[in-house]
Each structure stands twice: as C-alpha cells, then as structure tokens.
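Hey, can you work out the whole structure from these sequences and the hints?
Residue numbers (the working numbering), protein chains in the order written: chain A, 5 to 722; chain B, 5 to 722.
Any given hint could turn out to be false.
A pair counts as met if it fits within one copy or between any two copies, since identical chains are not told apart.
Stated by the list, open to error - Listed next, the in silico BS3-like pairs over lysine-lysine satisfying Cα-Cα at most 27 Å (straight line):
#: 1; residue 1: K635; residue 2: K673
#: 2; residue 1: K588; residue 2: K557
#: 3; residue 1: K557; residue 2: K719
#: 4; residue 1: K161; residue 2: K121
#: 5; residue 1: K228; residue 2: K121
#: 6; residue 1: K38; residue 2: K404
#: 7; residue 1: K121; residue 2: K552
#: 8; residue 1: K604; residue 2: K635
#: 9; residue 1: K588; residue 2: K151
#: 10; residue 1: K604; residue 2: K121
#: 11; residue 1: K161; residue 2: K404
#: 12; residue 1: K34; residue 2: K404
#: 13; residue 1: K99; residue 2: K121
#: 14; residue 1: K719; residue 2: K604
#: 15; residue 1: K151; residue 2: K404
#: 16; residue 1: K438; residue 2: K121
#: 17; residue 1: K604; residue 2: K557
#: 18; residue 1: K588; residue 2: K673
#: 19; residue 1: K438; residue 2: K161
#: 20; residue 1: K228; residue 2: K719
#: 21; residue 1: K557; residue 2: K228
#: 22; residue 1: K657; residue 2: K635
#: 23; residue 1: K438; residue 2: K38
#: 24; residue 1: K404; residue 2: K552
#: 25; residue 1: K404; residue 2: K719
#: 26; residue 1: K58; residue 2: K588
#: 27; residue 1: K588; residue 2: K552
Since the hints were made in silico from the structure, they are not lab data.
2 protein chains.
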Amino acid sequence: MTTSTQASTLHDFLAPASIAIVGASTDPTKRGYKAIVGLLEGGFEGEIYPINPKASEILGLTAYPSLGELPRAADLALMCTPAASIPGLLRECGKVGIKGAVILASGFGETGAEGAKLEAELLAAAQEAKVRVVGPNTSGLFNLHQKLDLLALEGVKPGDIGIISQSGNMLLALALEAQAHGSIGFSTYVGPGNQTDVGFADYLQYLGEEANTRVATFYVEGFKDGRRFLDSAREVALTKPVVVYKSGSTEAGQKAAASHTGSLAGSYAMTADLLRQAGVNLVEQSDEILPVAEGLGLMQQAAGRRVAILSDGGGQATIASDRLSEAGLELAQLSSTTRNALAAILFPQAALANPIDVAGSTDANPELFIQCLQILAADANVDMVFLVGMFGGYALRFAKELTDAELRTADGLAQVAGSIDKPLVVYSLYTPVKPEPLLRLRRAGLPVTGSIEHGVQVLKALADRGAYLARRQGEQLAATVSVDPAVSASFATARAEGRDLYEYEAKNLLRRYGIQVPEERILRSESDIDAAIDTFGETPLAMKVVSKDILHKSDAGGVLLNRVGRDALRAGRDTILANCRAYKAEAEIEGVLVTPMAPKGTEVIIGMSRDPIFGPVLMFGLGGIFVEILKDVAFRALPLSRDDARAMIDQIKARQILHGARGEAAVDKAALMELLLTISAIVDAHPEIAELDLNPVIAYNNGYAVVDARVIVNKESL
Amino acid sequence: MTTSTQASTLHDFLAPASIAIVGASTDPTKRGYKAIVGLLEGGFEGEIYPINPKASEILGLTAYPSLGELPRAADLALMCTPAASIPGLLRECGKVGIKGAVILASGFGETGAEGAKLEAELLAAAQEAKVRVVGPNTSGLFNLHQKLDLLALEGVKPGDIGIISQSGNMLLALALEAQAHGSIGFSTYVGPGNQTDVGFADYLQYLGEEANTRVATFYVEGFKDGRRFLDSAREVALTKPVVVYKSGSTEAGQKAAASHTGSLAGSYAMTADLLRQAGVNLVEQSDEILPVAEGLGLMQQAAGRRVAILSDGGGQATIASDRLSEAGLELAQLSSTTRNALAAILFPQAALANPIDVAGSTDANPELFIQCLQILAADANVDMVFLVGMFGGYALRFAKELTDAELRTADGLAQVAGSIDKPLVVYSLYTPVKPEPLLRLRRAGLPVTGSIEHGVQVLKALADRGAYLARRQGEQLAATVSVDPAVSASFATARAEGRDLYEYEAKNLLRRYGIQVPEERILRSESDIDAAIDTFGETPLAMKVVSKDILHKSDAGGVLLNRVGRDALRAGRDTILANCRAYKAEAEIEGVLVTPMAPKGTEVIIGMSRDPIFGPVLMFGLGGIFVEILKDVAFRALPLSRDDARAMIDQIKARQILHGARGEAAVDKAALMELLLTISAIVDAHPEIAELDLNPVIAYNNGYAVVDARVIVNKESL
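Structure, rendered in structure tokens:
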C-alpha cells in the first residue's frame, strides 16, 4: 500500500496531542468559546491552548496572546477567526512549526470572485508555510477514540466507521441514526469544506491507514480531483471497504449540489462506473449508507453472489428473493446433500428449495437454525446466508420459555458464523424492538437489519467487494504499445496545422496498432479512380469527402453509398465536390475517401475523452438509439484491465443483442475486448489524443470493422 | 359507490358482536384455548361461546356442546378444529344461522390433490349453507376498534390502516414497525389464507366501507380473481387510498411465491400497470409500505407533481432533489413573488431557487419556517411542500432556549398545513430520537419520516393519487362500436371450421371498424393478378401466403417483398406456392395476399389477450428489440378510457422515439390513441376474439398503417 507523506501529515493533526484555539473567546455565544467547552466536556486528553490577545485565562486554561508565544508548537490550530485573518495566521503557524489548521470560516470561493481570491491567497500561504489545511468552510471534525470532537455531538459512540461528509447535516443524520441503532459508532469525521488543500483523496488515504477505522465512508457532492480519489480507492479498497454515496444522480440533484457546494457533478452514470471500477461500494439511497457501512465493517467479503435464504415465513422469503434478484444476486442452487440434510431435521412441510421456509420447525426449537446454518455453509454452491424472519422474537411471540433457547441460538449462530468464511446477514422483523437475542448477535459481530431491503444491500456490498478483491488478484492491465513514429508524425503535422486528424489519418493510426479497419483509397486525381477500381473491383463502395473544413459530411452532401464501378465512382466524386462547394465555397477539400460498404452486423460505439475531473475515460455502447436515447453505455477509467474490458461489454442492459438475440449471430466479444484494450494502450501512448470516437464499429460473428473514426487532437503543449 | 351484499355480509362477521369458538379447549397449548385467552385479555366486548362436546365451562365462560345448542346464533364461528371437520361444521353454521366462519386449519389445496378435494367440498358446503368463509389456512384476523384480536398481538394500537396480508409475518413486521414508530395504528387485519370463498376483492370492498379505515393496504403474493380486485379498487380508490405491495417482481420471487401460497404470480409489469390504472398506490419496497400508507392516511392528495423543498441544509436538499426526480416528481419553479417574499425574511446567503436552503436563517428563529410555508403554499406553481432537515432538533443541537420556539413552530406549521389544500411532508434527521416538536407535528396529522427516501415515496403517492382522482373526473371511456354482422359472420365461419381468422379476414375486421389498413388483394386465379395490377400499378408489393395450415409464413418461404409488375407477381406467386408445398405438402392454401410495401416509419406493436386472472388486457410497445429485448411495454385493462390510451403511449421508456428523436418526424400520437380506443371497443363487442395482435403497426407523422394482423378465435362456446 502506498503511504505518501501527505497521509502521514494528516495523522499529526487529525489525531493531535495538542490544539491551539485561535480566536478563543470568553463570550459563550462564540465558536471560540464553544469549541473549548466542547473539548473539555468531551474529555479531550491532550493540551488545549486558547489564543487571545487580551485574555490571560479562558475556561480555566492559560491563554496566550498569539501562536508565536505558545510554550511549544501545537499539533493543530483550530481557526475560529474571520476569513480575512486566515492567510496571515497560516504564515504564523508555519513560523512556529504548527503542521495543520482547521479553518471554520466561510467567505471564500463559495461566495464569489472576491472570496476566490482570498482562497487562492490562503492556499499560497499554506503551501509556503507547509501547513496542511482542513476547510475552509468546514463543519469541523472529530476523532472519537481520542475524545476530540469539534462538533460537540451528544450520544455518539466511538466505533470503526470513518466518515468524510460534504454535508454537515448528513453527518448529523448518520450520527442520530447510529444513536437510535445503539451499536454503531464512528472513528473519525471530517467536513472537507472547500477542499482548498486537503481533499477527498487525502482523507481516504488517511482513513486507509488509521487503525481505528474499518470502513471509509464518504458523502460526496462533487470531486475536485477525481483521478486521485480513484487511485486512492483502488489501493485502500484492497484492505478496507470504501463506501461512497454520491449525490447528483439526476439533473435536478446536480443543480442543487452546484448551488450548495459549487461542485461540478459531472455525469453520474460515469462517476458511478468509475467508482465501482476502483473498488468503491457505491450506495444509491441515503438511508442505506449506514447499514451498508456497518455490514461491510462487520463481515468479510463474499466469494460469490449466490445466497441461501433461511426463513421462517414464506412472505418475507419471497420479498427477499425479489430484492436479491433485482440487486444482481442469485438464489443458490442447493445440493441434494444439503436438501437431504435439511429434510432430516425440518418438518415435512418445510420448503427445501431456496428460499428455505422452515414452516414452523423452529417455532418450538429455534436452535435448529444453528444446524441449518452449518448445513448451508457446507454447501459449495452457497456464498452467503440470509436469515430472514422472526428470529429474536420467538420468546415474545410464542412462549416466554423459549428465551434461553433463543439466546443459545444467537450464541450458536455467532459461533458458526465466526468459524466459516461465508457471510451471514440477519433480517428480523423484531429488530425495531431490540430483543436480547438480536443484541447478542450484533455484539458477536453479525449485522442485523430491520428491513429486508437493507439486508439485501449489505449482501450485495459483500459480494461486490469480493468481486473487486478477486478482480485485483492477478489483474492484467492492457498491454502497452510502443509509439509508432509514423503516427507521431501525423499528430505533429495536424498540430502544426492546428487541425484534428482527418478520418483517413485516424483510421491509419488505428491500423498501425493492429485494429481492424476496412481498406480505403483517397481519390485526389483521375488515376486514383483507376487504382481504386483495381483494388475494389465491382464491390459496392461508400464515398466520403475529406476536408478539415467540413465537419458534418452528410449535411454537406459529402457522403454517397453503394457506388459500383468506375463510372459511378467518377460521377460520385463530381457530385460530392459540387455539393461541398455549394455547401461551403471556401472549404479546402483534400479528396474523396472510398471504401467497401461494410456488411451488416451489430453497431457498437467506442469513445474516449479526457474528463477534467477523472482523466482519460473510455465509453462503450451499442450504436444508434441505445446510446442516444436509452443512454445504455458503460464507462471505465483508463488504463483498462482485461477484466474491465470484459465487464464493460457485459454491463450494458441490451447485452442480449451482442449475444445474438432475434436470430442473429452472436458478436465476437473477444475481438471487441481486444479492441478496447488496444484503444486503452493507444491513449496511454499518445497524449496527443484529446478525444477519440469509433462510431460505428460493426461487430461480427468473427471480428469487427471500424467504419468511422474521429480523433480530436490535443492543441495544448504536451 | 357500489355496495354489494357481499361486503355487507362481511361486516356482520368482521365486526361481530358474538363469537363461537369451535374446538374450544382447556389445554393451554391448543389454539382453541389461546384464542379465548386472547379475546379475554384483549378485552373483547362481545359474547364468547366456547363450543366443546365435553366441557361445560372454559376459562370461566359457559361452554356449549355444539353450535346447535347455542342460546342464539353467533355472528362468527372461529374454527379451531382439523381440516376434515370443516365441511360438516359449515353445514351446522348454516342450520343455526351463523353467517361467517374463520377457518384456521391448513391441509387444503396448498397440500395437494387430496386437500384440493376437501377444499372444493368446503366451498360447496359454505355456498349451500350461505356461510361466508375467511381462509382456510388463515393466520387469523383482528378488529382493534372492537378489541377483537385473534392473533393476540401485543403493543398494537387501534388506528386507521386496514390491512390484508397474504403473509402473517408481514403483518407482524408492520405491527412491530408501527409499535416502534409509536403513532401508527391499525383498524382491521385479515389473513385471507386460501381465499376459497372471500377474496381480496371482497376485503377491499369491506375496507372501503368500514368507517374506521382510512387506508386499505394489501400484501399480495398472487390474485385469484384479479379483475374483480381491479373493479373494487377503481371504486374504493375514489374515496380512500388503496395501497398494494405485490411480491413476485422477479422470476426468483415468483417461484418463491408459488411455493409459499401456490399463487400464480403472472407478469409483474402487467400487474403493476393494471393496479395503477385502477387507482392503486403500488409500493415497490417492503419497507415503504407503512410510511406510504401512513402518509396517504394523513394527507389529502396533491393536485400535481411539483414539489417545493424547504431545507436547512444543502446536502439533504440535494439528495431530496435526486429522489424526487427519480420518482417522477418535479422541483417547482418558484414565482418571482415567492422568491422576493422569501428573500425578505431569510439571510442573504439563503438559496431561493428550489430547493430552498435557508442557510442558517432559522437556526435562532425556527418560526420563520411557518412564514416560508405560507409563502410557498401561496405559489400557484407549488403542489406540495417537503420540509427537509433538522427541524425538531434545534433545541437539542443549538440551544435549549429554542424549545418553546420550536414547539410554536410545530403548532404553526400544523395550523398552516391544515388551512391549505397542498400536502406538507416532513423529513427530519431527528426523527429517530422522537423530539417533542416532531411528535406534536405528527399528532396534528402531519407525516414525519425518518428517511428522505420514504418522504419522497409519500409525496409520490399523494401525487399519484391526485392524478387518479383527476383522471376519473369526467372520464371518457372508449366509444363503443355496434357489432358488424359481416364480422360476426366471418367469426362464425372460422369457428365452424375450427380455425383462427386468416390475416385478410383479420384486416377486413379492422377495416370495417375504421382502422387504417393498407389495401390488399388475394391472388387465387390468373385474373386476380390482372385485377391486382389494375389496382396497384407499378407500386412495389409485398406477397404473403394465405393458409390456415402455415403459421410461420417466413419460415415456409411464404413471404416475398418488393415485387413490381405483372410478371414479378406471377413469378412470385409460383415461388410462394412451390415453397409452401415443399414446406408442408398437405397444407391447404387459400391463395397469396398482395399489398403495397408500407413506407418506412416507426414500428409499434399492439396486442390484446384475455388474461386468466385479469381478463382482457391491451399491450402497447415499440416494435423489434424494444418489445423483445428491452420489454419496454405498457399494459392496460380493457375497456380503455381516453386517458388510459394516452398514458400507455406516454409510459414507454423509449417514448422519445415517438416524439421524433434522431431527426425523424414525430408520430401521430392522436391517431395511435384512436387506434387503441377502437381496439378496446372491438374487443368489447366481440367475445369471439381470444387474442389480437397488430404487429407491426407502422406509425407516421400523419396516421399509421396496420401491416400485419392476427386474430386468435375463442373456440369455446360464447
């Protein structure tokens, strides 16, 4: 795991031994007073140094007139002073060796141009003084294991969920939910504020290293440096679950987020794909954040997606089956050994096909569940077990005498769950009333949810995490290509001429790296027509104008299809030239491209662009309405692994079409995979490429043909 | 509203003044003992008559040896005896005038053929004896306002949610959830069991009439008589919300449901469309059932889908915006009057574009929320208000001194909400800790949810309900058609010959009712070819074999396209005849149909079938992959209203294509609507039609053309 100096720096001040309160106050309504009260009441065990030019003592603590007069450098300075004072104070921090500052003030970039200027000044001062900055405009932070809580929350327990939230209210909501739950606690919280210096990627790296944190959880409105976050996530997710809720899944939400944090949200579908690729457990409903984080913190990942449902009521087993299926999980096919073993201990009316309904067998003897779990865990077809129903409420519902048996059952389930490498998740309808057997399960480290839906999201997260870890084992990245000097030369020419690549140059580029592009000829002179006929004979040909000045060839009348023979070519060329001159008299026309009409097949689209937040991103989709209307596309950050390439093809909803729906042949997915990997390598080798579009690629049963290609050249210096 | 005698009958025994306990027992482990204890402990105020041939007294109550020896007929008999005893006991009930029986025993149809026979016998006995039957195999029932609880639940309050659940565990889960919530209560519950006699439709009608019930709520695994349920829902939903959770949304869930209740689930997508058409508020997540039922019970419907979000924190306002948009609701465009009025009372940094973020304005003065609500309610662009954030926790979070102001705010919000006709829904992150201001809001009748997601589902349900009521106002059903004797004659012929309609007959049928079908000729003899050329001239023609023995015309080589001129027609006919004879030597061939090739347009599909559960159902979708792969179709029960026809066209996900995506012309939706309405009328007029398929219909900018039509004839006696 990469341990950059940045994350180590954060450690100094996110787990500080001493804190200077700049702007400490004797006025109980001020943040500079409340912060000290909060630290004292919270029982912070380090030193607290109030800084106030006028007071000699605040709340019983010796106050100092300035940071320069502290007996020793504090680990952290908490700035409770107005925005304008911050750059100067950061320089003071630098002088006395304070490494980190938390800046509560707002009034920076989020307020307009004036504030943005001040924010730039703040950053320059921080960098010069070598002080790392949390905020500005932060809701604060806490480190509960150190009894450091700048938010003065009540009733929040120390625990193992680390959380970074771009919304203070969201943190508060999660804290209240945890409080009501009773068993969930937090390690570290930071409100990242404007992320002027320290950003999401740094916090993630820090949570990855922090010993008290088992799950790194994020509420994100917008990333500033998404690529670094992806890189951090890829690494941290190898050792700890990373949970992200990303708001702005709709246009309405994106607008709201922009007005809230000034964050650019970007395409949610793309962000979601990239986060998942980087091993993030993406949560899509805000009320699932805490259950999913809790479940991932308690349970190891699952080896697969096959779930056995063990229930004492058919209705809820049915609901669980629906939700599992909708979440992309599977009902495990139980082996006959398993069924026989279950049949031997359950009533004859029990349903033994998954979902299992014990049908009363456990009503008087809940301990049977322990044996059932053992039997299911021994089945190689089962990756996870979901216990669904009334467990925990047997004594309440049936007979008080069952209390002991139920407690023994809880202990037994926990013991078996601890001895197997398959997750067990429990949904009980008695969760809301917190009976002792359920509390005992939770204390033993088993997630107990109060809704079938949340239980299923936990199972899904465990399976997704397992899939990520498996994917990273022996991961094969796209092979690299060595730069072809001829391609470099064509970029140099285009850049010198301030234009993008011509279609034929783009296709040559692809050919030189081994991509299947149908042969072409350019008609510049009469003799080119003869040469084209020599090459293509009586094959029907497509003709397209070649001109840097004509972007929309069809609109200009610059495209003709199905031309056969010399005369048709000649006439076609004349028509295209006449059309294009009529369309744009001053257009410089290089010639007319001819190429055989591609046989029918399945149209796909491949596009690459360099996203300002996430860097180079590849898109794959089916052509036409699938991309334009149904937005049925997959995104991955480059470079691509072989698994990424496979997964993005399999991800599209209309993938059936690739498998040969409607009586047509299945397409050659292996060839498409290689195409995606080669594009990844080309983009890596050629920073000259700003955007690349293969639209369409026609996929066949054997291979494919790139029918149109467009390369936008990076006009900036490389 | 239709008040059938059936529903009245139910009233007698779902709100009984006296109950006979058949199989009453002195053994505390038996249902016949527990039921009496439950009634006594629950405080049932009516008469309880234990029936036991041996005991003279049970639990202090006079016992009777048989139903015949009761001093007067009980309103209800609770049968605690085994399955085999039931038919005889029902006959006894009939003799003494007992009108209703609840049968707990299992061992009927759900166990196999033997049980099914017994169940048939039970039904016959009940009908003969004129006794209505709940169950068998029921989990029981309660009527909490009458202190009648056969389930002996603890901690469940009387309230206004009526619930019918095909799963006893689901009822229990909802009861525990309500208990944890604290303010939610129930009126009547029935476990319908096998629905041998009384079924979902009857219970719905009963709940519609029952004064204590404000919301009729159903957990359904499978309908037996879906058409009757739709009819009941249409009526009941005019006066009370009807909430349904239907399990089996996936194949996995359908299998599970089948093994649980033996219910045939049918297509979920179709069931969902039909329920919504009938005014049902369909809930799709089990943990949303109770919040949605509660919200619909507390609030009147909304006049539209435009929501104003009033929040004190940007993050949660963003999440709320995302969820609203995903749920098909809109963020209201606030008028400038509204923005100015808000600006006048809120801090300058408040965000006034919807979602509204008060940005601290209410921190010290929560009562501002009252004014905000008044301002928003006065905006004609606002249909509902969603208050999102920390309200209820201001005193806890900021300062104890705010307690009174917060309580006044709660009172003020409730007062304003009660005086406007726009729903107010509250999400507070303090919901889990139940602070007094939130309890006060709830007592005043405002729904307060603990999750943004649930709040949005309540808003959606209120908007859907409003849309249903608006739709039913001045509803225009499809005009009827008078039966055309020529069409009847062609059905008579087909039925006599034991075949379906020929394609040309099906098309003639459509033409006779005014549907646009391109002209056709059948080639039977040489002279028909001349006649066809006279009619169509040099237009390119399609040719198709006409034979009742050839179902798949293309497979048989029975279709040729784009034939022009006399010679091509003659040769085409010969080719088709030769192909078809080769394909099936014994096929009786009626001739060859010729018709002009339809111009290109947008392919749609219209299909009607008579569903065994829901009766005649119409399907509409786009052709090709949209139906086959994406399953992007809409269903409606027939007869159709004009709104139904419009809504089913607008419902498909790829509707953009109909609006003229990708540079093509928009299709003539008005003509398609008329086509759907005419089909509805034809199906109504012709019980001879078992199935009807128009596939494809080519839709144009002006009109459409039915290119292929298939009518499957009902072979049973009509």
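Would you list, in rising numerical order, the hints stated earlier that this structure does not obey? 4, 7, 9, 10, 14, 16, 18, 21, 24, 25, 26
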